[in-house]
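Each chain, written out:
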Amino acid sequence: MSNTDQATLAASQSERPPFYRDATIVKWLAQVAALALVVFGLVFFTTQALDNLDRQGIEIRYDFLSIGLGSDLREGIDTDPDTAGRALWVGAVNTIRIAVGGIVAATILGVLVGVGRLSSNWIVSRMCSVYIETLRNIPLLVQIIFIWALVATLPNVELDQGPINGLLHLSSKGVSVPRLHIDDGFYQWLIFLLAGWLAGSYVKRRRERLHDATGRDTYPVLSFLAVLAVFGAVGWVAHPIFGWVGAIFDFIGDGFSSLTPIIVQVVLSLAALAAAAWWIRRFLARLRTPAGLMKLTDDDKFRIIFAGVGALAVIAFVLVGWPGLSSWIINSGTDLLGVIADKFGDGRTGRPIDVKAPDVVQVGNFPNPGPAGLNLTQGGTAVFFGVVLYTASFIAEIVRGGILAVPKGQTEAAQAVGLRRVTMLRRVILPQAFRVILPPLGNQYLNLTKNTSLAIAVGYSDFVQVGQIVYNQTGKSLEVISLWMLFYLACSLTISVIVNFFNVRMRIVER
Amino acid sequence: MTSTMGDPAATPAATADLWAQEREPAQKPEEPSLSAGEWLGRNLFSSPVNSLLTVVFTLLVLLAGRGLLNFTFSEERVWRAVKTNMRFLFTHAYPQEQYARVWFCVGAVAVLSGLSIGLLAKTGRGISMKKLSMNLMAAGGAIAVGILLREPSATVDSEGLVVHREPGTALDDSFAGWIDANSLALLGLLLAANVALAVWFRYQGVYLRGGPEPRTAHGVLVLASAAVLIVQQYGEGEIVRESFGSAMADRAWWWLAAALLGAAGGALWFGLGDARRRNTFVPAMYVFFGAGALMVLSAWVYPWGHYAFLEGEFISEPGSTVAMTTKLPWTVMLVLLVASFEAGRALRATPAGRRLRVPLNLLWVLAPFVLYWAVLRDPDLDWDHVLSTDIPMALFFAAFGGLAVWFLAHPRIGEVGRVIAVALVGVAVLNWVAAFFGWYPMLQKARISFLLLAVVALLAHNFAGDRTHRMRLVVAWVAIMAVFHWLVTLVNSPSTVDTPTDALFGGFATTLTVATFTLLLAFPMGVLLALARTSKLPIFRVLATAYIEVFRGVPLITLLFFFVLIFNLFLPGGMSLTDIAGATIGFALFSAAYLAENIRGGLQAVRRGQYEASDAVGFSTVQRTLFIVLPQALRVSIPPLVGQVIATFKETSLLAVAGMFDFLRIADKVISAQSEFLGVKREGLLFVSFIYWIFAYNMSKHSQRIEKRLGVGER
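From first to last, the protein sequence lines stand for chains A and B.
Just so you know, we're using numbering that gives the first Met the number 0 here: the first sequence kicks off at 0 and counts up by one.
Just so you know, we're using numbering that gives the first Met the number 0 here: the second sequence kicks off at 0 and counts up by one.
For the record, the hints were derived by calculation from the structure and aren't laboratory data.
Heads up, a few of these hints could be off.
[As the list claims (entries may be wrong)] With a straight-line cut-off of 25 Å between C-alpha atoms, the simulated BS3-like cross-links for lysine-lysine are:
no.	chain 1	residue 1	chain 2	residue 2
1	A	K355	A	K26
2	B	K82	B	K444
3	A	K355	A	K342
4	B	K535	A	K26
5	B	K700	B	K121
6	B	K707	B	K130
7	B	K535	A	K300
8	B	K82	B	K707
9	B	K129	B	K707
10	A	K294	B	K535
11	B	K121	B	K707
12	B	K707	A	K407
Computed from a prediction, not measured in an experiment: that's the story for all the values here.
Go ahead and model the full structure; you've got the sequences and the hints to work with.
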């Protein structure tokens, strides 16, 4: 290459490219164009929908939630709800109930099957593989409908009938088992438990310190549980002495109801600003090095701007978008405090927790949770066993993969230091396997929760099915869809937060 | 829980099992072949806990198998309902006189599959003769056990009515009756004996010695339990059963099948003689073809019966051979599959075969569109319009665009090319703005073609190359235009196929169609979303993240309701989506979010050095993404992508809830409402589960093979 060539090259490199080839400009142009396209699309579809609805004389309003619902629900905490909103609440509780119960049951079954698949016993591992390969390759909906059809062939309801008389009833109507019942005085007892928790934690920390200092076995967890048990036992009889706690909540409730909307609006706005400021400060602090602040990339600037814009958007929403929000907060907050005050109120002297044996599964109606035990209708049985059996097959695979992922050296090292087999599993293999298992396990919990929405196929009154009833009766399609999305997004977020919490706790601590 | 935790004796075996998958050496050492007794001792009766697990689980297997067999072959099962509705289940209301089209589609898929497998598939070693003969013998044995386990039929009197037992006549007048009456006690006794034996052997140290006593003693007790379970069936219930002898004689066909399979396996085993020859391998496809040939042959020979539901008429002729309408086409399909497979194998090593690979893959992408719109819909083309407008327009875009691509892909085009490309983008955008405000009329097809051209023009400089290279680009562009215009013309032409429902067809055909189009739509979306989510550009990233998180957090069924029932509200007046189109969009948007997460995993697995190397050789972002990053990322994410394909396939069952006549809905609601088969539901559901299972299971096995071959996670 000659000198002149190098000179031109240098010159061409030093001079700015034309604007349409400037990387920064093109990048931002493309992004803004994409954003504009998305915004345009959303606006276009929304205006179309509003026009179309306008032509049909329909408005988007949520007041149908307080209008009566013409039909009963099959099961739930209230089978004859007064309003559509109450009905949706019943549906939400049903969904949560199936999801939580399903998660627990699916985890237990999945872990058993997953460990069984690794068994050295040929027939056990084969059976577990057959279970997994069969159930996870058949669509859940088919399984749910099939279980429903199977339950339909069980014998009809008769009095005092069931495999274990008085404890388990099985019929074409569904399943009924005993259940624990939160009775009067539970909340006062909860205060005792809380005190026990605090005292126990203190004892546990002391025992741990003693163990660190002397190396003796001090059983910190056991002492914690013992302290908790003592408090619980004392509280079981002594809980009425906390009857005065309700008055505190009454007092707070009075104070809350005397707030004015303006104050709430200002507080919310300030909170949004403070949150944004705190986030930006933390963000900048992370970029600060001993040599001063690092150079901010476009991305960093965007994040800062995004935080600020987010706070402003919240303020705009509170002040302009939905001015009624503040009074809603005041009203429902007062209601909530009233309910809590009542729960903690005086005169609740019964046993905190009671066991209810199931009555016979009654013809026609399922009282739930009445005085009878835990009842699942035909649809509920189908959904519950469907999601549990299906999800367990996925969890089993995850568990197997997690155990296989622990390096062999860990087992060998544990054996070399002379750990017993159980100790090795508990202290070495399972904690490491758990770290691999947890994230996909969280995904399965999320899927399980979402899959309970298939209840609509068998008529279990979950959130989606109740939503469909509401939507059929009121015609409020968009509103119901938006509630569905909000509800399930909230569920997903909750599960993610919980799983993430454990994920962070399980993480390897690095220096 | 299992023996891996409980007993020290099982430790070496258990750990070997645990780590076997992790360190698979390149060349597996020859497995030492154990005698049957040693195998039993090592795998089933190696310790007290292990023995008891074996006993309990064997009983469970027998009970479950017996329940399944009794359910499937019970006289109460109306399998006629499924057989009669077979056509209905697979295509719903597609007219029978047009059925040749359906067979054409199946044939096209058969030819494509045969060619692809023959030409492209990595076949591996195939199946060893040893494994084949063992599997044959095992199948024969399983059928024999099944025959024994199955409940005997009820005795019928001369009028064909089930004979009930006289009240008062005890069951225990026979040996079977006595066993039946005391079965629980007997089983309990045998179980207790097993426990006692296990404890006794444990304290005698027999397990540690590894002698043959445990497996013999436990095995005899297990067999005794099995015998109790089998005999119990023959004395059960209030209904008078056939005698043991007549029940066995009734199943002559099954005995024959078991004997044939067992004999074939045995002949293979002993015919091959020594171990070395038993380790010869047959290609897996030939085994598959052999099984297919047997099935097709059975349609010609065995009286499966002729069942059909045609124009509201039930035809039910048990005992005759299958109708011509299915046995002849299936024979043709098998011949096509074998012939194309052989053709593919013959072409494999030739240059022509290598040249065929890319077109073959493109045909797979194209096939769903062509088969659906051109073959199954049988569109009624308006030839005047085609000749006057469609063809000239296609020619114009092909020529104009071809020239533009030829010009813009020149390596030395420089700034001029970019200005031209931007000008084309301007025209394309202007066309759409004009469409929005109604400035000037233009066919939508032309607008889309312009947009395609603009995108290609913007990207053209990334594909710059020599003359042959550019020629290839031009040919690709012309082909795209031809296919695109042809398809749009087809889509816009009305269908001549007359069905009583809105949809062209239903049943399993819908399941497959929706799944295919969903994946074709979702895959590009997923790639783009994954790229956007991992991009350094904040707005792209935020938009993609929001999309993915929202769509992953919401149940699919609500999305389907939205797109099937409500989405038409969001469209301008006069426009509407059919149910199937709406559902496909809903599925696609949902799957795209999941696919994006899978691909993102792959993108994160591409190492930094790859990016830096492509920057160092001066690649543009597009080139780096297309030629360096995506190929590696997609390769890594093949297993999860196949997993997502299976998930999408299974999710199509939700069409039933959204109100379409898919496979599941027909089995669940339609058949059970027919006057002949009122309330017959479980048979159809079991059949549907079986079909779904076959497809999903094979896909997941295939994905496991790919995973092993790619060695993902081992490097």
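Verification of the hints:
1. A:K355 - A:K26: 65 Å, violated
2. B:K82 - B:K444: 45 Å, violated
3. A:K355 - A:K342: Within the cut-off at roughly 21 Å; holds.
4. B:K535 - A:K26: 10 Å, holds
5. B:K700 - B:K121: 15 Å, holds
6. B:K707 - B:K130: 20 Å, holds
7. B:K535 - A:K300: With Cα atoms ~13 Å apart, K535 of chain B and K300 of chain A stay inside 25 Å; holds.
8. B:K82 - B:K707: 39 Å, violated
9. B:K129 - B:K707: Distance of about 23 Å is within 25 Å: holds.
10. A:K294 - B:K535: Holds, at roughly 16 Å.
11. B:K121 - B:K707: Distance of about 12 Å is within 25 Å: holds.
12. B:K707 - A:K407: 20 Å, holds
In summary, the numbered hints that this structure violates are 1, 2, 8.
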